[in-house]
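Peer 1: Now for the letters of each chain:
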Amino acid sequence: MSLLLDGFVHLFAGGGVLALLVGVFLGIIVGSLPGLTATMGIALLIPFTFGVAPEVALSMMIGIFAGGIYGGSISAILLRTPGTPAAGATVLDGYPLAQRGEAGRALAVATISSAIGGLIGAVTLSFLAPQIARIAVRFGPPEYVLLGIYGLTMISYVTGKSMLKGYFMGLLGLLIATMGIDPISGFPRFTFGNLNLLNGLALLPVLIGLFAVAQAFEGVSTFRERAVAQIKITRIGITIRDFVRIIPHVIKSGFIGTFVGAVPGTGTDIAAFLSYGEAKRSSRNAAEFGTGAIEGVAAPEAGNNASVNGAMIPLFTLGIPGEAATAVMLGGLLLLGLQPGPLLFRENAQVIYTVFASTITANIFILTIGLIGARVFAKVLSLPKNVITPLIFIIAIVGSYAMRNNAFDVGVTIATGFFGYLMVKADYPVPPLLLGLILGPLVESNLGRTLLISDGSYLVFFTRPISLLFVALITFALVSSAFQRRRAGTGGKGDRGGGVTPGSPDA
Amino acid sequence: MRVRTAFVDIAVGFAAIALLVAVVVLSERFPLPHRFQLGAAVFPRIVAVLLALVGGSIALTRIVAGLRKTTAATTEYVVIESPRHVLAALAALILYGMFLRPLGFLIVTPMFLLFTLRLLGVRSWIVIVLIAALSTAGIWIVFDMLLGVPLPNGLLPL
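Chains as they are written, first to last, in numbering that gives the first Met the number 0: chain U, 0 to 506; chain B, 0 to 157.
Each hint should be verified, as a subset may be incorrect.
[Said to hold, decoys possible] Computed from the model, here is a short list of chain U residues facing chain B with C-beta under 7 Å:
#  : residue
1  : Val8
2  : Leu163
3  : Tyr166
4  : Ile180
5  : Asp181
6  : Phe186
7  : Ile387
8  : Leu390
9  : Phe392
10 : Ala401
11 : Arg403
12 : Lys424
13 : Glu443
14 : Gly455
Calculated from the structure, these hints are not laboratory results.
A quick note: this is a predicted structure, and the numbers were derived from the prediction, not measured.
Where a beta carbon is used, it is the ideal one built from N, C-alpha and C, also for glycine.
Generate coordinates for the entire structure from the input sequences, incorporating the hints supplied.
Peer 2: What follows is the structure, encoded as structure tokens:
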């Protein structure tokens with residue numbers, strides 16, 4: 000508890016609170032604009048954080064993530080177009096409310112519910128994550144190998160229509176990750192004599208390419224699409240009666256969202272739809288759902304914002320990203336010089352508890368900025384795509400150049416961006432490629448160490464209790480995902496779109 | 000522009016097999032492992048084999064579906080809308096990347112924005128020039144002046 004209080008002190012004293020405020024503000028803008036996502040926002044932000052303290056940079060990323068997920072509800076309510084997939088369930092009752100002239104009421108319900116749901120998730124994260132990290136600190140090289148493989152099994156969850164295509168992209172990421180100096184022998188591999196490749200492909204240009212440039216190419220491709228007519232806002236706010244009506248659903252959805260988010264491979268959209276379903280099942284006004292029930296806005300919004308914080312539990316404690324937004328955040332953590340996992344809690348306790356304080360404070364910002372600035376954000380929705388797209392290109396290129404002042408990185412960004420765009424068009428999801436790229440070195444280097452320790456025996460993976468647990472988890476993840484897809488029919492009709500478009504699975 | 004998804008998937012499968020051959024050939028010169036050590040070639044080769052297997056499976060599924068003339072094999076397309084605009088944007092982006100350093104940020108960025116804004120259908124030249132000028136100045140101020148991240152000066156003696 001005292002560590003968390005210290006975190007608040009550092010957040011307010013170290014400038015993190017301002018970064019968080021800016022992050023939430025930018026996140027709401029990015030999230031509210033259909034076609035732009037929180038994942039893309041985080042990817043574009045990373046270059047701006049060079050030279051900034053890690054906790055400040057992370058606070059901003061968290062602000063963008065949380066603000067982005069909340070922001071998706073604004074366009075869902077006013078345009079009937081969810082800004083992010085996470086707001087898909089919000090459309091069902093948010094838009095009918097707006098059509099009846101109650102857009103302000105719907106926006107207020109979405110804002111209050113997002114803040115309370117997010118707060119439940121953030122508090123759970125702050126207290127649960129250190130306990131998990133305490134167990135994870137006992138990991139040795141064999142456990143890290145299996146942890147990495149477990150992380151790679153998440154590919155089956157962040158994959159679109161075809162699981163095979165997801166695994167293809169994940170393996171491609173693993174292969175790309177082998178470029179550069181071999182971690183055990185020190186021999187340069189697949190560098191073709193290019194000094195820029197000695198350390199492999201730099202993560203940031205690839206990340207910006209896959210999640211920002213590819214999205215901008217999609218913007219070019221669809222620039223002729225007409226903007227949807229927007230519903231006007233009247234008074235923003237809710238009555239005490241409304242609050243009493245939604246609060247049980249908000250609290251319940253907060254816990255559902257946190258739990259769902261903490262399970263790697265789920266995501267904010269699933270959390271939202273599960274929360275919506277549970278609210279509809281248990282509500283006395285079930286018949287009103289779909290026609291403008293405020294519970295139908297409250298539950299998914301509380302659920303999706305809670306899952307943002309739930310998703311950070313495996314990210315910070317084990318270094319496993321469960322979806323695209325947390326995969327990009329994992330990349331951001333590595334670029335900031337932080338290795339997510341149990342040691343993060345021991346070696347960077349101040350940073351991690353400041354981050355926890357950020358996750359809590361972000362929800363207070365969502366509440367205040369959301370209620371005060373709803374009209375401004377509604378205006379942002381009318382920003383034309385053909386103006387935003389060229390600016391995304393510029394920020395992406397400048398961001399990748401700024402890392403090392405290196406033209407090679409710019410080339411990598413353009414190449415991966417165009418490649419990502421084409422692959423997404425052909426239904427090959429890009430988040431698995433990032434997972435492979437990040438987790439590949441972890442698996443390979445620890446496999447090398449494990450074999451040295453065990454005198455070349457692979458039995459070591461089955462003789463240690465935590466290793467055995469991971470073997471069970473990996474088996475369960477593979478079997479359950481195959482079973483789910485078989486049940487959904489044709490290998491993924493139940494696809495959530497998670498990972499199908501660059502950045503979209505940020506939900 | 001539209002291409003049958005089946006063609007793309009089959010091409011991806013063959014590309015994966017070609018990649019496997021390339022990895023095996025290129026890793027021929029990698030040093031052999033010492034006792035109990037994971038050799039430099041082992042991991043890339045394992046991954047390349049798996050990649051070829053998965054890519055081959057994707058291609059094979061499509062070939063079998065094509066032979067059976069299933070609906071999916073004949074009706075699924077990869078559609079790229081406005082392909083000329085996408086290619087023009089790609090060309091502009093490549094030129095931007097190439098000339099960013101020699102000409103400098105403050106010269107190439109407005110040029111890139113003028114071109115792409117016009118390409119994407121912004122009609123008023125006044126609006127285009129205003130957006131190009133203000134965005135260039137804004138990004139320069141944020142990166143170069145506020146964040147201390149140096150952007151290339153190029154020809155301009157700044």
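Peer 1: So which of those numbered hints doesn't the model satisfy?
Peer 2: 1, 4, 7, 11
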